[in-house]
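S.K.: The residues making up each chain are set out below.
Protein chains: 2
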Amino acid sequence: MRLSTFSDYSLRVLMYLGGQDDRLVTIAEIADVHSISKSHLMKVVHQLGLNGQIETVRGKGGGMRLARPANQIVVGDVIRQSESDFALAECFAGQSTCRIQGGCCLPAILNEALSAMFLVLDGYTLADLLGAPQGLVPVLAGSLLTGPD
Amino acid sequence: MRLSTFSDYSLRVLMYLGGQDDRLVTIAEIADVHSISKSHLMKVVHQLGLNGQIETVRGKGGGMRLARPANQIVVGDVIRQSESDFALAECFAGQSTCRIQGGCCLPAILNEALSAMFLVLDGYTLADLLGAPQGLVPVLAGSLLTGPD
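Chains S and H, in that order, give the protein sequences.
In terms of my numbering, the numbers along the first sequence are unbroken and rise by one, the last being 149.
In terms of my numbering, the numbers along the second sequence are unbroken and rise by one, the last being 149.
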C-alpha cells in the first residue's frame with residue numbers, strides 16, 4: 001500500500017517552496033535538486049496550481065511559490081487532491097468482479113480506516129512537515145552542493 | 001492509494017471459507033466463484049496457510065478451511081500479512097532519491113496515519129466482514145447460480 005508518485009512529488013514541491021520564503025522557484029531547480037524529470041514535475045505543478053496550493057509567475061524571472069502560508073496548507077488536503085483514487089479494494093472502483101458485493105462489510109470497514117488515517121493527516125500542515133525552525137533549507141542546500149549519492 | 005490484489009484475494013478467500021462452516025473448499029471452487037485465476041489463488045492460499053489463517057487437507061476430497069473461528073481472525077493482521085510493504089512514500093523504502101531525507105517530518109506523520117488506520121482494522125474480525133447472521137452464503141449461492149454479470 002503506497003501513495004502515488006504524484007502525491008510524493010506534490011509534497012516534495014510544496015516542502016521545497018516552503019523552505020524558500022517568497023522566492024520564485026523554477027521547475028528546473030526542483031527537478032535538479034530531486035533528480036526527477038521536469039515533464040513529470042510540470043504535471044504536478046500544474047495540478048498544485050489548479051488546487052490553489054501554489055501560484056505561478058510567468059515570463060523571465062518567473063517561477064512559483066506557495067499561494068498561502070505553510071501553516072494553512074493541510075497535508076490531508078494535498079494527499080486527497082493528488083491521489084487519483086482511494087479505491088482500497090477492487091469493489092471501491094466502478095467495475096468490480098467481486099461476487100460478494102452487497103453482502104460484505106469490507107467497504108464500510110475500509111472506509112472507516114481511511115477516515116481515521118485522514119483525521120491524522122488533516123491535523124498537520126506543511127509547516128509541520130518542514131519540521132525544525134530553520135526548515136529544510138540546510139538539507140536542500142547540502143544536497144545541491146553534494147549532488148546525488 | 002489501494003491495497004494489493006494479493007490482500008484483496010486473501011480477504012475474499014477468508015470470507016468465502018467463513019461462510020462454509022467446516023466444509024473443505026478447493027481452490028478451483030473459489031476461482032470459479034470469483035472468476036479469478038487458480039494460479040494467483042494458489043499463491044494467496046499458500047501464504048494464508050503459512051500465516052496460520054487457514055489449514056489444508058491434502059488428497060482426494062481435500063481442500064481448505066479456516067484454521068480458527070472467524071471471530072479470532074483479525075482484519076488488520078490479514079492485511080498486515082498480505083501487503084508486501086507499507087512504504088507509503090518512496091523514503092520508506094530502502095533506496096530513496098529524495099533529497100530532503102533526514103530533514104523532513106513526513107515519514108513520522110505518515111506512520112502516525114498508518115497506525116490510526118490499523119487501529120480501526122485491528123478492531124474488526126472476519127466475523128464482522130461476514131456481516132449478516134447468515135453470512136455471505138446466500139450471496140455466494142446466488143452468484144454461483146447466475147454466473148458473472
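Hints listed in this document are in silico derivations from the structure and should not be mistaken for laboratory results.
Glycine included, C-beta positions come from ideal geometry on N, C-alpha and C.
Do not take every clue at face value.
Said to hold, decoys possible - Pair ranges (Cβ atoms, derived):
1) H/43 <-> S/108: 25 to 31 Å
2) S/49 <-> H/6: 32 to 38 Å
3) H/119 <-> S/80: 18 to 24 Å
4) H/5 <-> S/50: 36 to 42 Å
5) S/5 <-> H/46: 27 to 33 Å
S.K.: Could you check the hint for me, namely that residue 119 of chain H and residue 80 of chain S are 18 to 24 Å apart, CB to CB?
M.R.: 20 Å, holds
S.K.: Return holds or violated for the Cβ distance of residue 5 of chain H and residue 50 of chain S against the range 36 to 42 Å.
M.R.: 31 Å, violated
S.K.: For the pair residue 49 of chain S and residue 6 of chain H, does the Cβ-Cβ distance stay inside 32 to 38 Å?
M.R.: 37 Å, holds
S.K.: Regarding residue 5 of chain S and residue 46 of chain H, is the given constraint of 27 to 33 Å on their beta-carbon distance met?
M.R.: 31 Å, holds
S.K.: Quick one: are residue 43 of chain H and residue 108 of chain S within 25 to 31 Å, going by C-beta?
M.R.: 28 Å, holds
Consistency with the previously given hints fails for number 4 only.
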